[in-house]
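Asks: Chain by chain, the residues run as shown.
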Amino acid sequence: MSRVSFSLTRVRLIARNTLLEASRQKLFSFLLLLALGLVGGAQWFREFNFGASELKFLADLGYGAMAFFGAALTIAATAQLFFSEIDNRTALTLLAKPVWRAEFVLGKYLGVVAVTAVFCALITGLLVAMLWSRESALMREFPDSFGQGHTLRIVDLAWAGYLQWLKLTVLAAFTLLVATFSRTQLYTVVTGFFVVVICHLQYLAQDVYAQGGSTFGQVVAGVLGLMFPNFQLFNFADNVGAGVPVAWDRVARVSVYALGYVAGGCGLSVFSFRQREI
Amino acid sequence: MSTVSPDGPAIDLRGLVKDFAVGLRGVKLRAVDDLCLRVPAGQVFGLLGPNGSGKSTTIKIILGLLEATAGECRVFGVPSTQVEARVDVGYLPESPYFYRHLSGRELVRFYARICGLGGATLSARVAEVINWVGLTAAADRLVGTYSKGMLQRIGLAQALVHDPRLVILDEPTAGVDPVGSAAISELILQLKARGKTVLITSHLLTQIEDICDRVAILDRGRLILEGAVRDLVGGAERQALIVEKLSAQELEELRTWLGSRGRTLEAVEQPRARLDQIFLDRVGRSESTNREGGA
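So the sequences go chain by chain: A and B. Residues in the first sequence are numbered from 410 upward in steps of one, following our numbering. Residues in the second sequence are numbered from 12 upward in steps of one, following our numbering.
Derived by calculation from the structure, the hints in this document are not laboratory data. Glycine included, each C-beta is placed from N, C-alpha and C at the ideal position. Do not rely on the hints blindly, as some may be mistaken.
[What the hints assert, rightly or not] Computed spacing ranges between beta-carbons, pair by pair:
no.	chain 1	residue 1	chain 2	residue 2	range
1	A	W453	B	S134	45 to 55 Å
2	A	W453	B	A131	50 to 60 Å
3	A	T593	B	A81	26 to 36 Å
4	A	W453	B	A135	49 to 59 Å
5	A	L610	B	R233	48 to 58 Å
Same shape as in the complex, but just chain B (with noise of 0.2 Å):
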């Protein structure tokens, strides 16, 4: 058994290598190409790449579901190839498909057994995590009845409901309208709040962006780029100011005004209001909320 430090990274990808041997030949084909990553545990991390560059397949391995042709990946100091390494994971899939056969609680209940939850507990957890996730008037219909959306609500209570240090969310927002995207962005925010780490991938980089900690980019398998969003985007020696419509003349006195203190007006820009911004209020989060729980 492996020494588990619980100050050190929630994962440790050390030198990963996977090929995947294509066709009768076995010609190999390297998704992940020596990756060295570490995630701080308590950080919402963005694993980001174009389709194919090896996120899901970097995914598998820290799950466990597919073994690193070389390198390591340790997950809270245990290797991911043990069980042990997934006691503290709650993972929500791409596109997930849920038992369709059982209720919504049925199937949070399912999971949560199968992760060792009874007793008192078990009824209590499970109606937890099915109402922070906004699905309780829901929550006894079929799985095969719900939304794209409810999907991955009931995907995150799943991931959620045996309390994981670590989740894994593997674009939790493909498919899903701006309005349950908004909703997810802040159960993860959420999330982060009460200290766990999360994992995601997207290809809304906006909402990355507005969510993440620290960020990495991958492509064709590589690590290209990787760092805090804050030093990654800039902006910390640089700020702009809105103020309403300056006259030409007050433009003028301001730019004076700056260079007296040597300082520069480098753009002068119409702000423009984001188009999901302007869905979001219209819509209205809350309304949607209670439209998907009750429809």
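Pulled out of the complex, with its shape left as it was, chain A reads as follows (with noise of 0.2 Å):
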């Protein structure tokens, strides 16, 4: 009998089938237009801005509802598509094949990675054509402002979609992690929005303890810091949205940083449904 080695494409068969299934989900549909709504209809909010630029509140607006939209469809995609294989036993089918259980984990994470891959694409390009669509009219209205032609760059809207991207696949790493060991759906759903709002605030204790807190509140707070990511550093919307330019090297940098998490969430999410029976 020859040896079973890790497969690479029955990951990508499983991954497929995963993204197959949450595009014909209504949760799915439903945040998208969403989504798709807020960010198209923002040219409607542009009075309430705040006393901040038009397009900095636009570019705001279109990244916030990316950000929040993302976390909820990524966290509920990713619960859905993992128990949904458990509870409706299409899991026993598929384990009871020649897979490594490894493939059907990470098979399951590109899926949903696949999922907010496509969501923040769509939700980037609409912004993208948005915001260019309403600063060529302002530079129509106001010629002598935009001088230097258009302030905003395409390149750089497109770098803060990706990194919005990126700070999903961690957060679907981390809820995947979660959902190898719960025994229910919304343990991994609660838990799941808890991760968004410890790795949004950690930087907080982190800079308060760093500030003359107490040494074991120093360490509590370095040690979320190593086990969550801070996702503000996800967060280039401010500077894009004010037209200053997405430097490369921060993008590699935080590139990095959360292939690491991701590293860290899949691997300990295999361990973790390694023994999980089923």
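Two chains, each in its own frame: build the complex with the hints.
Replies: In structure tokens form, the structure reads like this:
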């Protein structure tokens, strides 16, 4: 009997099936349409820019919608697509084939990542089109304010979208890790949202304790900082909306940072799922 | 890597034990208790027992979905915990639920590719097994629209698509009407004719008796009986003759004739047709197959 080695083809097949399943679910369509509607409708909210520049307001709103609905989609999709396999016992049939559990876990992960990629690409595309169109209109209206041409650069807008997606890939890895040992979908979803909050706020705890907190507090904050990624690092929307170029080296560093957490999350997920009784 | 003997048993269980931890205190529930069993290659083997007797747990251990607490489980000589043990195994779970967003053909194709099939043989093999289970007409419909019987058949197709030597069927006729059940029995006998080993669990003991070479009966995780069906149900030493109705005088003459040869007429009974047979004769197997396939 020949040895069965780890197969990227099987991982791809499982990922593609996961993407197909997600794309045919109403939740995905609903969140996508909601986010697209919010971004597309942002031009009607531009009077509420609270003193910020109009383009910056539109960019903030668009990337904010991507972050919020993207996080909801990532957590819900990861939990749903993983537990649908367990609860509906399709995992029984699949894992009864010559399939490594690692292939199953990574396939599910990549399927969710593909879902978020489609989501972010569509939102970014719409946002770029809308910002470009609005800036062109403003240039015609106020030519003196745009002496050097467009202040927004498409490539920077795309980078900001890419980094939002990168953040969601990290969130998906953490949610998947919870799903591999959790017994219920609800627990996974709730824990996933806690992870989002912690990852967005953990830098605050580090700052507070770094400025004179107790040693114990500093250690705890330090450990939290290591365990959970700092999601603020992925936010380039402020700079992009203000027309500040995105630095390549910063994108590269954040990408490596995210990759480290994705590798850690997926590795632990595989380890956790290895012994799970199905 | 283990040494694989082509002449060895398809499944070899030795001292198999499986405990589940129940509740917060982790109280152990023993689902399988010191089970020793050999399923010979090329036979149809029935695993019987009441609900909760450990049949499904045993099957899951064989498939590597559960790890045994103690003991050993080998499939064609390979420990079941290794992925290699599942290369030659097809599995139809109890009450199968497949990806509803795929069509029947897409589903079988997906599992075929998972099992490593590809190239020119892939489409041909997928079409072959779909045709074999009688679902060609419904192959391009979404699985979500399939009836229970059709789900069992597409389940059989995915289990057989990579031409495994061992096929494990967990309650393949559960919830299926007598026509579908008879069709599945026929498929199992065809598998046997092709030299496959079939391990089947079912509560339909009549069906098991008809198609199985050997059976094992489990109760509370323990093996309480195992052997060839023919030996267990007896009959090798006795015969039943079915004749047109005899008069009392003819019956007496027959009894006397048998007595003169040292034989005894043990029982005179009125043979009755089996209800499932009447049902099948009236409904018609082929007609039902067409109905399901084209529905």
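Asks: Taking the earlier hints as the rules, which of them does this structure contradict?
Replies: Violated: none.
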